[in-house]
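Visitor: So the sequences go chain by chain: A and B.
Counting in my numbering, the first sequence runs from 2 upward without gaps.
Counting in my numbering, the second sequence runs from 27 upward without gaps.
Hints are supplied without guarantee of correctness; some may be wrong.
[Unchecked claim] Listed next, with one range per pair, are the computed distances between beta-carbon atoms:
1) Arg176(B) / Pro60(A): 54 to 62 Å
2) Ser189(B) / Pro75(A): 29 to 37 Å
3) Gly183(A) / Asn127(B): 37 to 45 Å
4) Gly166(B) / Ala108(A): 43 to 51 Å
5) Arg176(B) / Pro167(A): 36 to 44 Å
6) Leu90(B) / Ala58(A): 48 to 56 Å
7) Ala261(B) / Ala190(A): 20 to 28 Å
8) Gln167(B) / Ala102(A): 39 to 47 Å
9) Leu90(B) / Ala108(A): 46 to 54 Å
10) Ala65(B) / Ala105(A): 52 to 60 Å
11) Ala268(B) / Ala105(A): 54 to 62 Å
12) Pro167(A) / Asp151(B): 50 to 58 Å
13) Gln63(A) / Gly166(B): 52 to 60 Å
[Claimed, not checked] Straight line, CA to CA, 25 Å or less: simulated SDA-like cross-link-like pairs of lysine to any residue:
14) Lys117(B) / Pro218(A)
15) Lys117(B) / Gly149(B)
16) Lys266(B) / Gln205(A)
17) Lys266(B) / Gln226(A)
18) Lys266(B) / Leu221(A)
19) Lys117(B) / Leu85(B)
20) Lys117(B) / Arg176(B)
21) Lys117(B) / Ile225(A)
22) Lys266(B) / Arg253(B)
23) Lys117(B) / Ala256(B)
24) Lys117(B) / Thr217(A)
25) Lys266(B) / Pro227(A)
26) Lys266(B) / Gly223(A)
27) Lys266(B) / Arg193(A)
28) Lys117(B) / Gly89(B)
29) Lys266(B) / Pro214(A)
30) Lys266(B) / Gln191(A)
31) Lys266(B) / Thr217(A)
32) Lys266(B) / Ala256(B)
33) Lys117(B) / Pro77(B)
34) Lys117(B) / Pro102(B)
35) Lys266(B) / Gly208(A)
36) Lys117(B) / Val129(B)
37) Lys117(B) / Leu91(B)
38) Lys117(B) / Pro227(A)
39) Lys266(B) / Pro218(A)
Calculated from the structure, these hints are not laboratory results.
For every residue, glycine included, the Cβ atom is placed at its ideal position computed from N, Cα and C.
Given next are the chains, with one letter for each unit.
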Amino acid sequence: MKHHATPDHHRQPRLAWAAVLPLLGLLGCAAGGAPGAAGNDASGPGGLPATVARYIAPPPGQPAARLLLRGAVPPGERFALLRLDDALQCQRPQLLNEGSATQAAPAPVSMAADVLTTLDFVVIRAGRSGCGVRWSFTPAAGHSYLVQGAVIGAGCSANVLDVTVPDRPTAPGDAVLRSHAGQRCVPLAQARAMSTGSLIQGGQQDGEAVLNPRATPRELEGLIQP
Amino acid sequence: MTRQPLRQAWDGHIHRARPARLAASIAAALLAASPASQALSPAEVFAQVAPSVWRVQTLDRDGLLLGQGSAVVTGPGQLVTNCHVLARARKVQLRRDGQSNAVPARLALWDAPRDLCLLQASGVDAPAVPLLPSAQAAVGQPAFAVGHPRGLDLTMSAGLVSSFRRNDAAQLVLIQTSAAISGGSSGGGLFNDQGALLGLTTIASVTADAQNLNFAIPADWILDLPRRHAAARAAEAAAKAASR
Chain A
2 MKHHATPDHH RQPRLAWAAV LPLLGLLGCA AGGAPGAAGN DASGPGGLPA
52 TVARYIAPPP GQPAARLLLR GAVPPGERFA LLRLDDALQC QRPQLLNEGS
102 ATQAAPAPVS MAADVLTTLD FVVIRAGRSG CGVRWSFTPA AGHSYLVQGA
152 VIGAGCSANV LDVTVPDRPT APGDAVLRSH AGQRCVPLAQ ARAMSTGSLI
202 QGGQQDGEAV LNPRATPREL EGLIQP
Chain B
27 MTRQPLRQAW DGHIHRARPA RLAASIAAAL LAASPASQAL SPAEVFAQVA
77 PSVWRVQTLD RDGLLLGQGS AVVTGPGQLV TNCHVLARAR KVQLRRDGQS
127 NAVPARLALW DAPRDLCLLQ ASGVDAPAVP LLPSAQAAVG QPAFAVGHPR
177 GLDLTMSAGL VSSFRRNDAA QLVLIQTSAA ISGGSSGGGL FNDQGALLGL
227 TTIASVTADA QNLNFAIPAD WILDLPRRHA AARAAEAAAK AASR
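So that you can see chain A by itself, here it is in the shape it has in the complex (with noise of 0.2 Å):
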């Protein structure tokens, strides 16, 4: 899916915006090969590091919203969701769920509302896990959030979607991308925020109807007389 009808860039093809896919929320791809999440290459079971502790879901009481997570992967590979608990510094994961390509679908699961979170979808292969997306947001509590992942070439994509109403799923207002170009964890104030999914079905400012409400002028500024 290409990422904006888009002008022909020469020397970096823009991608069109891969807006028709009524699932596709925040995106992210990544090459392959990245450095595991923990930066650990000690594997433990299963290919994730073997530091990585299981993220213990809030209890009952405290805000939390549901957490579901899709992972498309080629056989023998698998597919995992970690949450930094750092989540400015993208640092201390703790394994939300996995998953591959031969098992059901991963249960979902809790995890805390109301805080910034960084999440991050990696791909486990032969053992070591690579090809991280990274992405923080906000998760408001009672809502649901769905992360899918998929193995695309040698690198992955991911994204994240706000699915409290399944027909009508949103990318979360808050959420910016925080791997990029190499950059594993990309300072909160300058990670991107990416809702390309909703171009299609628009938005509003103003009470007037527009294509992207978050689209600034910055990439004009060139252009742009004093």
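Dock chain B against chain A, hints included.
Guide: Frame of chain A; chain B shown alone:
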């Protein structure tokens, strides 16, 4: 069309004057879209609109080609295109097939949330296309995309208006069409069978499991551009003043 350099006409404190001036010419274009008479053949549509569809080339700070797209003439020396065509550019120029010299253009109005930008190019001497209000468009009517996909000058493709995509408030956001578009089509025209502009081709689907799912921002938004541009600039100025 006037040959007077627009920069000259627009120098100084003219942010207010610009939108008004542009609104007038855009409104004239809209009014020109009188109710249907007789459908033109695709060849006739092409002959009518082709002079008004230009290729946009963006250049980086070193003058190297950055990207290409399309633009449609909507007023004297005025062309609309998608803002994403202009992303990261330092210069913009317009070209026509067979013309050796590129025509310099400058960004005059922009509305990033609607992905709609207006270029001023005094060197463009081409007729403005009439705009078709979306209220007069219907699913199933013929639609023709004319643009410069992959740098292939003035490529026409035919299809239908497939659907209207609306936001949660039921406001029109995109006109879906089966007319084929590709990279470089952005900012090109989607026309009805009388050569009136339905919208600007903006989003294409290019996957193995999707065909003929293409989208154009509605021509109505062109009419709103001067007002929305002025409002956004005023809000920016107010925010700056408040932060001092």
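Visitor: So, for every hint listed, does it hold in this structure?
Guide: Comparing the hints with the structure gives:
1. Arg176(B) / Pro60(A): 54 to 62 Å: holds, 57 Å
2. Ser189(B) / Pro75(A): 29 to 37 Å: holds, 35 Å
3. Gly183(A) / Asn127(B): 37 to 45 Å: Holds: the Cβ-Cβ distance is about 41 Å, inside 37 to 45 Å.
4. Gly166(B) / Ala108(A): 43 to 51 Å: At 45 Å between Cβs, range holds.
5. Arg176(B) / Pro167(A): 36 to 44 Å: holds, 38 Å
6. Leu90(B) / Ala58(A): 48 to 56 Å: holds, 53 Å
7. Ala261(B) / Ala190(A): 20 to 28 Å: Holds, since Ala261(B) and Ala190(A) (Cβ atoms, about 22 Å apart) stay within the stated range.
8. Gln167(B) / Ala102(A): 39 to 47 Å: holds, 45 Å
9. Leu90(B) / Ala108(A): 46 to 54 Å: holds, 52 Å
10. Ala65(B) / Ala105(A): 52 to 60 Å: holds, 55 Å
11. Ala268(B) / Ala105(A): 54 to 62 Å: holds, 55 Å
12. Pro167(A) / Asp151(B): 50 to 58 Å: holds, 54 Å
13. Gln63(A) / Gly166(B): 52 to 60 Å: holds, 53 Å
14. Lys117(B) / Pro218(A): With a Cα-Cα distance of about 15 Å, the restraint between Lys117(B) and Pro218(A) holds, given a limit of 25 Å.
15. Lys117(B) / Gly149(B): holds, 15 Å
16. Lys266(B) / Gln205(A): holds, 24 Å
17. Lys266(B) / Gln226(A): Holds. Lys266(B) to Gln226(A) sits at ~17 Å (cutoff 25 Å).
18. Lys266(B) / Leu221(A): holds, 19 Å
19. Lys117(B) / Leu85(B): Judged against 25 Å, a Cα distance of about 5 Å means the pair holds.
20. Lys117(B) / Arg176(B): With Cα atoms ~20 Å apart, Lys117(B) and Arg176(B) stay inside 25 Å; holds.
21. Lys117(B) / Ile225(A): holds, 10 Å
22. Lys266(B) / Arg253(B): Distance ~20 Å between Lys266(B) and Arg253(B) Cα, so the pair holds.
23. Lys117(B) / Ala256(B): holds, 22 Å
24. Lys117(B) / Thr217(A): Satisfied, since the Cα-Cα distance of roughly 19 Å is no more than 25 Å.
25. Lys266(B) / Pro227(A): Distance ~14 Å between Lys266(B) and Pro227(A) Cα, so the pair holds.
26. Lys266(B) / Gly223(A): Within the cut-off at roughly 19 Å; holds.
27. Lys266(B) / Arg193(A): Between Lys266(B) and Arg193(A) the Cα gap is close to 23 Å, so the pair holds against 25 Å.
28. Lys117(B) / Gly89(B): holds, 8 Å
29. Lys266(B) / Pro214(A): holds, 21 Å
30. Lys266(B) / Gln191(A): holds, 21 Å
31. Lys266(B) / Thr217(A): holds, 16 Å
32. Lys266(B) / Ala256(B): holds, 15 Å
33. Lys117(B) / Pro77(B): At roughly 23 Å apart (the allowed maximum being 25 Å), Pro77(B) and Lys117(B) satisfy the hint.
34. Lys117(B) / Pro102(B): holds, 20 Å
35. Lys266(B) / Gly208(A): At roughly 23 Å apart (the allowed maximum being 25 Å), Gly208(A) and Lys266(B) satisfy the hint.
36. Lys117(B) / Val129(B): holds, 11 Å
37. Lys117(B) / Leu91(B): Holds: Lys117(B) and Leu91(B) sit about 10 Å apart, inside 25 Å.
38. Lys117(B) / Pro227(A): holds, 15 Å
39. Lys266(B) / Pro218(A): holds, 16 Å
In this structure, none of the earlier numbered hints is contradicted; all agree with it.
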